[in-house]
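Let the hints inform the model, and build the full structure from the sequences given.
Each chain is listed here by its residues.
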Amino acid sequence: MAVCIAVIAKENYPLYIRSTPTENELKFHYMVHTSLDVVDEKISAMGKALVDQRELYLGLLYPTEDYKLCRYGYVTNSKVKFVMVVDSSNTALRDNEIRSMFRKLHNSYTDVMCNPFYNPGDRIQSRAFDNMVTSMMIQVC
Amino acid sequence: MDASEEPLPPVIYTMENKPIVTCAGDQNLFTSVYPTLSQQLPREPMEWRRSYGRAPKMIHLESNFVQFKEELLPKEGNKALLTFPFLHIYWTECCDTEVYKATVKDDLTKWQNVLKAHSSVDWLIVIVENDAKKKNKTNILPRTSIVDKIRNDFCNKQSDRCVVLSDPLKDSSRTQESWNAFLTKLRTLLLMSFTKNLGKFEDDMRTLREKRTEPGWSFCEYFMVQEELAFVFEMLQQFEDALVQYDELDALFSQYVVNFGAGDGANWLTFFCQPVKSWNGLILRKPIDMEKRESIQRREATLLDLRSYLFSRQCTLLLFLQRPWEVAQRALELLHNCVQELKLLEVSVPPGALDCWVFLSCLEVLQRIEGCCDRAQIDSNIAHTVGLWSYATEKLKSLGYLCGLVSEKGPNSEDLNRTVDLLAGLGAERPETANTAQSPYKKLKEALSSVEAFEKHYLDLSHATIEMYTSIGRIRSAKFVGKDLAEFYMRKKAPQKAEIYLQGALKNYLAEGWALPITHTRKQLAECQKHLGQIENYLQTSSLLASDHHLTEEERKHFCQEILDFASQPSDSPGHKIVLPMHSFAQLRDLHFDPSNAVVHVGGVLCVEITMYSQMPVPVHVEQIVVNVHFSIEKNSYRKTAEWLTKHKTSNGIINFPPETAPFPVSQNSLPALELYEMFERSPSDNSLNTTGIICRNVHMLLRRQESSSSLEMPSGVALEEGAHVLRCSHVTLEPGANQITFRTQVSIDCPWSIYSTVIALTFSVPFRTTHSLLSSGTRKYVQVCVQNLSELDFQLSDSYLVDTGDSTDLQLVPLNTQSQQPIYSKQSVFFVWELKWTEEPPPSLHCRFSVGFSPASEEQLSISLKPYTYEFKVENFFTLYNVKAEIFPPSGMEYCRTGSLCSLEVLITRLSDLLEVDKDEALTESDEHFSTKLMYEVVDNSSNWAVCGKSCGVISMPVAARATHRVHMEVMPLFAGYLPLPDVRLFKYLPHHSAHSSQLDADSWIENDSLSVDKHGDDQPDSSSLKSRGSVHSACSSEHKGLPMPRLQALPAGQVFNSSSGTQVLVIPSQDDHVLEVSVT
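If you read the protein sequences in the order shown, they are chains A and B. Each residue of the first sequence is one higher than the one before, starting from 319 at the first, in the numbering used here. Each residue of the second sequence is one higher than the one before, starting from 2 at the first, in the numbering used here.
It should be emphasised that the hints constitute simulated quantities derived from the structure, not laboratory data. Do not take every clue at face value.
[Said to hold, decoys possible] Partial selection, computed: residues in chain A whose CB lies under 10 Å from chain B:
id	residue
1	Ala327
2	Pro332
3	Ile335
4	Glu341
5	Glu343
6	Leu344
7	Tyr348
8	His351
9	Asp355
10	Pro381
11	Asp384
12	Asp429
13	Val430
For glycine and all other residues, C-beta sits at the position ideal for the given N, C-alpha and C.
Below is the structure:
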């Protein structure tokens, strides 16, 4: 189960960030922001290989005591990043499931981008995207 | 040599353990071959083919040879592998049939029976053949017969189980061959035994694992079994395989914990849920922590014990495999995992206990890694270890807060009790680190001992962590640790130290546009600035916070009130003003012009209504609102304004300003809009449409590469000049949200040359450009003023005046202009000339004001008179001091100068006045009441008509007296025929370098005195001053300085030198042409 889902622009500002309402929102903002360090590192380390293999999934980024942080990188053209904080007490969530969650997120994000009224780079306010994120946050695998 | 000794008790230090091989039969014989055997056995690797499709491995075999005893054979059900004898060897050197029949055969039979009873099939009989022994005996049978007998008796169909070792102690090729064959056999048999016995063991183990769902199954028991396998692999130096065993155990346990969390509890797991009573951290300095292992064996281990032991084994194996960075990475996962598991299993843990455990463990892992890597390796792998540093810092911080070590007053009694409890849980320091000064145990104990010690350790750790993060480019993480540090400093009431960290973090968040962290950090910064008494900064931060929508209404009101409170305070220093940026208080939403096109006639009223969006949470009373109007003066600005208004206006004259979405300044805002145009291309002949399409005109702008590291900083605003056009509105109360403020302003513009009223958009251009120059004729002076018409209009000029604004009374300006009225056409110039006249000594400078009346040349009459156009200037040093006269004479005996023949150039420099005020400069020297100054002359012919032969310049010492004359002779050669203008003679003031007069001259002997003659009419001794001059120069030349900086040359002001020969020409006739003209015809 995801506890926080964030979409981060190429310039590293958040396009969308939502966390479970029960938790301290600020904490997640800090957490996602710091995890960008590892994201940057992974992108530059993988660099070309990532592009060549069309591998967008960056895997586990930044485990913490409380959560595991996972992130999906979109390095190919727009360098938009997805970061997902997953409650690790639910280890039943396998790598494959996280991948599929990211794929869903990516598809939904693509839909947002296809909206002619959406300005690329603006904060995402799409209701469809919001609903999809909600579904991933309550979904218990 | 331990071969013949009692079998050792099972020591579990697997690196020292070797697979056991028992030896029966002739012990003395074995003892004699043992050294060679133990040395030779591991020398050659052997391929080990594995079961279950595992890849074959090359393996070097070693063995622990022990005397055979029945007790060594494992009883049914005994799972011990480490003490398992993998091979049994019987040694004999019997070569005598009698002896064989009498003793050896019986002994062998007994040995075989014991083995059979324990169903052990891994055995070998070695017959050692000794030539020396053979010779001494008489009734010797051929060797083969004994071997055959043994094979017959014991090796039923397994003849290879009986080998012969010939003369093992000799050094011969036969011996070598025999040894090789024997060793190969031994290795093969050992590996066969491994494969078989380990395979059987693994099968049993799997069976045991399959029973894990059955009640009564014990994880600890299973743990011991699988670890036995790991030990054997480690013993065989198969660390990878050994590690796999532990990883499997790890995964199995984790799975149980997860299942338990999901409600599927295994009752054995409850053993691990005992409250945590000891938190002494990981122990990684011993290969095997026997204490913990025994507690697992006794099923008394807690979750932390089990995890610690498991990790210590994994760590040992990973270090054998030279993968220290994996240790670091796994350690972090383990620590997180343990914390999560304890939470999941709801194990009761005293507060702070886990922090201690994690802190100790982090440091233990780091020290373990540091112990086996060199500095360079560690430095290049910071990315792997920094997580542990950061985690340790975090834990120490929370311990500090928990134990009251961060408060200003220090710990209270409750804090102290907690500290004592925490230290009790650490137990005594372990012997292996007792001698280490910096052991994790000592560090923690010291850090918790006092406020000062804690501060030292915490700062050390924090700084180290920040430095490491920064060095590997994890700036965000570094800033985050820095923020913790700032919080610490704030708690310690040291806001001056906290500020830099908060500013650093804030800058980072602002640059990347993270709203919540910005708000949070700003709040901390505001507190910090308040403590520091940085009023201006604090108010600025407060203003930003008061308008911050991420804060609660309450908080925003608080910060707003802070500003208002400050504003209502009487200022202690009256001139002191605090200026805060506008954008945090209010935003301009729209401008509403009335009339809507914002164009009014003179005397008309333009009403500007602005809508301000107040961002303050409470109504704010404003003393004055001022709008500064910035006119951008451009050509055709009226047209542009009108265009702009047509383009942007809605019919009601409202101009909207989009609300800023701070902090969200993104680069795409700067991208231009797509400019698309239809395109039609027609055939030039018949005008029929060839192609049509849409083109984008600004592709180059759109597709331009964006700066990759686009900064999100705000752009700076337009700088406003002081006293620019301002609109004011006083005493307004701004309610939160949109407010409308109206400015009413009357526009009235004087338009001098038009009766029409003019609209606001005016272009003011200066109609004239004026220049002046000073002209000389000998000592007579003229001032010329040139007026240039820059405009498109023609003007009529009248009443030109030039007046001296200075106070020199004896100065007269006599106009030489004939017409009082003069037209000046567009883009043309008109000149005016005045003669300067004076009676006494002229002033060194002259301030003049030129004025001229002007009016448009068009017929229309002006209703108002225009002020005259004025131009002020200053003329300096206008009095002529020197007259320069140059003359060229043809060579003697010739009438005219000829090309190519040397002519003489005579330059006469005459002083026209006595000592004047303007002469008083550095070049002036005084001797015997005579003044002289130094001049440099230079003859230049820029038009290349003349070649100056010999030197073209020189320095002269000029007496400062009227009519003093200096004559210079030079040789010049005309290069062309015709009337040639004379070469230019220039004069410069020759200024010595400061006081060191003429030292340079002395060195260079530049001064020519020979031709110096002072022509003083009325003086009885014409030569005396010449001599004096010479003397004066020489006296000055006595200087001793050398290598001083060069003297300076200063051009004499144009007014001071008059060239009386300028414009004269001299006739040069061509020389007789006796050159041969070559003509070639082809």
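Results for each hint:
Of the supplied interface hints, the one on Ala327/A holds, with its beta-carbon coming within about 8 Å of a beta-carbon of chain B, less than 10 Å. At about 6 Å, the closest approach between the beta carbon of Pro332/A and any beta carbon in chain B falls short of 10 Å, and the interface hint on this residue holds. With a cut of 10 Å, the hint placing Ile335/A at the interface with chain B holds, because the nearest CB-to-CB distance is about 9 Å. Proximity of Glu341/A to chain B is violated relative to the hint, the smallest CB-CB distance being about 13 Å (cut-off 10 Å).
Taking 10 Å as the C-beta cut-off, the interface hint given for Glu343/A holds, the closest approach to chain B being about 7 Å. Proximity of Leu344/A to chain B holds as hinted, the smallest CB-CB distance being about 5 Å (cut-off 10 Å). Restraint check, Tyr348/A versus chain B: the minimum CB separation of about 6 Å is within 10 Å; hint holds. Below 10 Å, beta-carbon pairs count as interface contacts, and His351/A has one with chain B at about 5 Å; its hint therefore holds.
Taking 10 Å as the C-beta cut-off, the interface hint given for Asp355/A holds, the closest approach to chain B being about 4 Å. About 5 Å separates the beta-carbon of Pro381/A from the nearest beta-carbon of chain B, less than 10 Å, and the hint is met. Among the interface hints, the one on Asp384/A holds; its C-beta lies about 8 Å from the nearest C-beta in chain B, closer than the 10 Å criterion. The interface hint given for Asp429/A is broken, as the beta carbon of that residue sits about 20 Å from the closest beta carbon of chain B, more than 10 Å.
With a least beta-carbon distance of about 16 Å to chain B, the hint placing Val430/A at the interface is violated under the 10 Å criterion.
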